[in-house]
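Enquirer: Model the full assembly from the supplied sequences, consistent with the hints where possible.
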Amino acid sequence: MNPQVFIDFLKFPKRLDDTSLIELQEILNDYPYCSGIRMLLAKNLFVLNSEKKDDFIKSSSVYLYDRKKLFKYTHDIPDDNNIQPQIPSYSLENIQEPLNNDNVPRQTSYSNDLIDNFLKEQPKLNIKPGENSFEDEEIPEEEDNSKEFVSEILAEIYWKQGNRNKAIHIYEKLSLNFPEKSSYFAAQIEKIKKEII
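Anchor point for the sequence shown: position 74 equals 1144 in my numbering, and the numbering is continuous, going up by one each time.
It is possible that some hints are incorrect.
[Claimed, not checked] Once the Cα atoms are required to be at most 20 Å apart in a straight line, the calculated SDA-like pairs of lysine to any residue come out as:
| no. | residue 1 | residue 2 |
| --- | --- | --- |
| 1 | K1236 | F1219 |
| 2 | K1236 | A1257 |
| 3 | K1261 | H1239 |
| 4 | K1123 | L1134 |
| 5 | K1122 | P1148 |
| 6 | K1243 | E1226 |
| 7 | K1261 | G1232 |
| 8 | K1263 | I1223 |
| 9 | K1230 | K1243 |
| 10 | K1139 | C1104 |
| 11 | K1263 | S1221 |
| 12 | K1128 | V1117 |
| 13 | K1264 | E1250 |
[Claimed, not checked] Distance windows between CB atoms, simulated:
| no. | residue 1 | residue 2 | range |
| --- | --- | --- | --- |
| 14 | V1132 | E1096 | 19 to 27 Å |
| 15 | N1099 | S1221 | 49 to 57 Å |
| 16 | Y1101 | D1125 | 17 to 25 Å |
| 17 | D1100 | K1142 | 23 to 31 Å |
| 18 | Q1231 | C1104 | 45 to 53 Å |
| 19 | L1224 | K1138 | 17 to 25 Å |
Bear in mind the hints are in silico, worked out from the structure with no lab data behind them. For every residue, glycine included, the Cβ atom is placed at its ideal position computed from N, Cα and C.
Expert: Right under this line is the structure:
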């Protein structure tokens, strides 16, 4: 099918007939995920009042991004959400020159004067030693690992990897954090210690 013919069918769906149905089915076999082809084919089935239209719509609704549009398109309901692209038109004639203090347009260059001046002057940042430096500030020492992440899964991972001391350490922390399961954690620690011996 010629692309222009396809576009004409989209614009004028009343032109759809038996030959277009066959052509659209062939195109759908090549491009099964194209929602536009599926919508046009559904419309073609509606125009021909085919018995297959309901089954086709049910199977095609999965591939379509908007089922409401399909319903409106097949039932000739005008789409009230038609969004027309608004492309503003600009011309250089409409640009007004900025006014100076005398309300007379001043001459402006369209290059960015600020950038040009910066590039000409190439200013340097002068920092005096000791001024605004962080040398005198004390850096806080790292806290102990009291907020260390611990979990049963992490302990099991360490255990399976052979890091038995780390696993024991985590189980000890867990028994402190969860006293109701301390007997379970103690049993796990005993199992690990038996493996070490």
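Enquirer: Now, for every hint given, state plainly whether the structure supports it.
Expert: These are the hints, each one checked on the structure:
{"no.": "1", "hint": "K1236 x F1219", "in the structure": "holds, 12 Å"}
{"no.": "2", "hint": "K1236 x A1257", "in the structure": "holds, 16 Å"}
{"no.": "3", "hint": "K1261 x H1239", "in the structure": "holds, 14 Å"}
{"no.": "4", "hint": "K1123 x L1134", "in the structure": "holds, 15 Å"}
{"no.": "5", "hint": "K1122 x P1148", "in the structure": "violated, 24 Å"}
{"no.": "6", "hint": "K1243 x E1226", "in the structure": "holds, 14 Å"}
{"no.": "7", "hint": "K1261 x G1232", "in the structure": "holds, 13 Å"}
{"no.": "8", "hint": "K1263 x I1223", "in the structure": "holds, 18 Å"}
{"no.": "9", "hint": "K1230 x K1243", "in the structure": "holds, 18 Å"}
{"no.": "10", "hint": "K1139 x C1104", "in the structure": "holds, 15 Å"}
{"no.": "11", "hint": "K1263 x S1221", "in the structure": "holds, 19 Å"}
{"no.": "12", "hint": "K1128 x V1117", "in the structure": "holds, 17 Å"}
{"no.": "13", "hint": "K1264 x E1250", "in the structure": "violated, 24 Å"}
{"no.": "14", "hint": "V1132 x E1096: 19 to 27 Å", "in the structure": "holds, 21 Å"}
{"no.": "15", "hint": "N1099 x S1221: 49 to 57 Å", "in the structure": "holds, 53 Å"}
{"no.": "16", "hint": "Y1101 x D1125: 17 to 25 Å", "in the structure": "holds, 20 Å"}
{"no.": "17", "hint": "D1100 x K1142: 23 to 31 Å", "in the structure": "holds, 27 Å"}
{"no.": "18", "hint": "Q1231 x C1104: 45 to 53 Å", "in the structure": "holds, 51 Å"}
{"no.": "19", "hint": "L1224 x K1138: 17 to 25 Å", "in the structure": "violated, 50 Å"}
In this structure, the earlier hints numbered 5, 13 and 19 are contradicted, and the remaining ones agree with it.
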